[in-house]
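Undergrad: Sequence:
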Amino acid sequence: MYATILLLHILGATIWTGRHLVLAVTILPRFLRARSPGTSCR
Numbered sequence: 001m002y003a004t005i006l007l008l009h010i011l012g013a014t015i016w017t018g019r020h021l022v023l024a025v026t027i028l029p030r031f032l033r034a035r036s037p038g039t040s041c042r
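Heads up: the sequence shown begins at 1 in my numbering, then just goes up one per residue.
One thing to keep in mind: the hints can contain errors.
As the list claims (entries may be wrong) - Simulated DEER-style distance windows between Cβ atoms:
#1 I5 to V25: 28 to 34 Å
#2 A3 to A34: 27 to 33 Å
#3 I10 to L32: 27 to 33 Å
#4 A34 to A13: 29 to 35 Å
#5 R30 to M1: 40 to 46 Å
#6 R33 to Y2: 44 to 50 Å
#7 Y2 to L32: 39 to 45 Å
#8 L8 to F31: 38 to 44 Å
#9 Y2 to L23: 27 to 33 Å
Simulated from the structure, these hints should not be mistaken for lab results.
For each residue, glycine too, the CB sits at the ideal point set by N, CA and C.
Could you build the full structure based on these sequences and the hints that come with them?
TA: Printed below as a string of structure tokens:
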């Protein structure tokens, strides 16, 4: 039982980390480039 929970946790953490890497490397730079320089985030 412990091994199953550990495996599911590691799998979930890997997916979570991978999605954040995709966000930081591909989507976020594209968004920051498209934003006009005079626009504030607020």
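Undergrad: Does each hint fit the structure? Answer for all of them.
TA: Here is what the structure says about each hint:
1. A hinted range of 28 to 34 Å holds for the C-beta pair I5 and V25, which are about 30 Å apart.
2. Checked against the hint of 27 to 33 Å, the pair A3 and A34 fails, with Cβ atoms roughly 46 Å apart.
3. Taking 27 to 33 Å as the suggested C-beta distance range, the pair I10 and L32 conforms, at roughly 32 Å.
4. Distance hint check for A34 and A13: the Cβ-Cβ separation is about 31 Å, which falls inside the suggested range of 29 to 35 Å.
5. In this structure the hint that R30 and M1 lie 40 to 46 Å apart at CB holds, the actual value being about 43 Å.
6. Checked against the given bound of 44 to 50 Å, the beta carbons of R33 and Y2, roughly 46 Å apart, stay inside it.
7. Separated by about 43 Å at the C-beta atoms, Y2 and L32 satisfy the suggested range of 39 to 45 Å.
8. Roughly 32 Å separates the CB atoms of L8 and F31, a value that falls outside the hinted 38 to 44 Å.
9. Range check, Y2 to L23: about 32 Å between beta-carbon atoms, so the 27 to 33 Å window is met.
Consistency with the previously given hints fails for numbers 2 and 8, ordered from lowest to highest.
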